[in-house]
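Full structure from sequences and hints, please.
Order-wise, the sequence lines are chains A and B. Here this note's numbering is used: the first residue of the first sequence is 1, the next is one more, and so on. Here this note's numbering is used: the first residue of the second sequence is 112, the next is one more, and so on.
Hints are supplied without guarantee of correctness; some may be wrong.
Claimed, not checked - Taking beta-carbon pairs under 7 Å as the criterion, some of the chain B residues facing chain A (in silico):
(1) 121
(2) 153
(3) 154
(4) 156
(5) 159
(6) 161
(7) 165
(8) 208
(9) 211
(10) 214
(11) 217
Derived by calculation from the structure, the hints in this document are not laboratory data. No residue lacks a Cβ here, since even glycine has one placed at the ideal position from N, Cα and C.
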Amino acid sequence: KNEVEQSPQNLTAQEGEFITINCSYSVGISALHWLQQHPGGGIVSLFMLSSGKKKHGRLIATINIQEKHSSLHITASHPRDSAVYICAVIASGGSNYKLTFGKGTLLTVNP
Amino acid sequence: NAGVTQTPKFQVLKTGQSMTLQCAQDMNHNSMYWYRQDPGMGLRLIYYSASEGTTDKGEVPNGYNVSRLNKREFSLRLESAAPSQTSVYFCASRPGTDYGYTFGSGTRLTVV
Numbered sequence: 001k002n003e004v005e006q007s008p009q010n011l012t013a014q015e016g017e018f019i020t021i022n023c024s025y026s027v028g029i030s031a032l033h034w035l036q037q038h039p040g041g042g043i044v045s046l047f048m049l050s051s052g053k054k055k056h057g058r059l060i061a062t063i064n065i066q067e068k069h070s071s072l073h074i075t076a077s078h079p080r081d082s083a084v085y086i087c088a089v090i091a092s093g094g095s096n097y098k099l100t101f102g103k104g105t106l107l108t109v110n111p
Numbered sequence: 112n113a114g115v116t117q118t119p120k121f122q123v124l125k126t127g128q129s130m131t132l133q134c135a136q137d138m139n140h141n142s143m144y145w146y147r148q149d150p151g152m153g154l155r156l157i158y159y160s161a162s163e164g165t166t167d168k169g170e171v172p173n174g175y176n177v178s179r180l181n182k183r184e185f186s187l188r189l190e191s192a193a194p195s196q197t198s199v200y201f202c203a204s205r206p207g208t209d210y211g212y213t214f215g216s217g218t219r220l221t222v223v
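Structure representation (C-alpha cells):
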C-alpha cells in the first residue's frame, strides 16, 4: 500500500465548479507539499503545509495532522486549472530532503 | 528568467552508452534534487544534494552518479544506460527545508 493515497484519481468538472482533491497518508509527517503538473509536463510547487490552511488566489490547501489528511480546493475552476495535482509528504523522523509522492489526480475542467 | 535549467530536453541513447544530464539554478538555493517520473509510479528521488559539496542517495540511485559541481550546478550521470532508465528526469531546487521546490522543465530520455 502506498504511503500517500490521493482521491480521486481522475476528476472532470465544468468551468466554475468548486473542486476538492484529497490526500491521505499513513505515516507521521513534518510537512506536506501540493504540486501541479501541467499537460506539457512542467511541475510547479503550490503549497507547503505543516498545519492549518493556506490560500493563494483561487487555491486553498488544508491539513489535519491528527486525521493524516489534506485537501486541495480550487474555487471557480477554469480550463487552465486542468493539470495533474500531486500530494507529497516528508515523513517525520526521516530525512527532510526525501519526499514520498502520491500518484496524482488528473483534473480536467471543461469550458 | 530565474529558475532551474535542464539540458538536454530530449535524448535517445543506445544501451550501454553514457551521458550526463545537466541542471543549473540561479536562485542561490542550497539543496538540489534529481527525480525520475515513470507512468504509474509517480516521482521518485534518485539523488539529492543538501548543500554544496554534499550528495546523498535517494530512493532509486542504482545506475546513476551525481556531482554537485558548485552551488549552481548538479549533474546526473548514467555510466551505462539501460532500457529501464527510460524515463522523464526532473531536477529541482529549494532554498532550504522550510520552502517549496522549483522544478526544471524535464529531460525525456529514451534508452533503446
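Hints, verified against the model:
no. : hint : in the structure
1   : 121  : violated (11 Å)
2   : 153  : holds (4 Å)
3   : 154  : holds (5 Å)
4   : 156  : holds (6 Å)
5   : 159  : holds (5 Å)
6   : 161  : holds (6 Å)
7   : 165  : violated (10 Å)
8   : 208  : holds (4 Å)
9   : 211  : holds (4 Å)
10  : 214  : holds (4 Å)
11  : 217  : holds (5 Å)
Figure legend: structure checked against the earlier numbered hints; hints not met, in rising order: 1 and 7.
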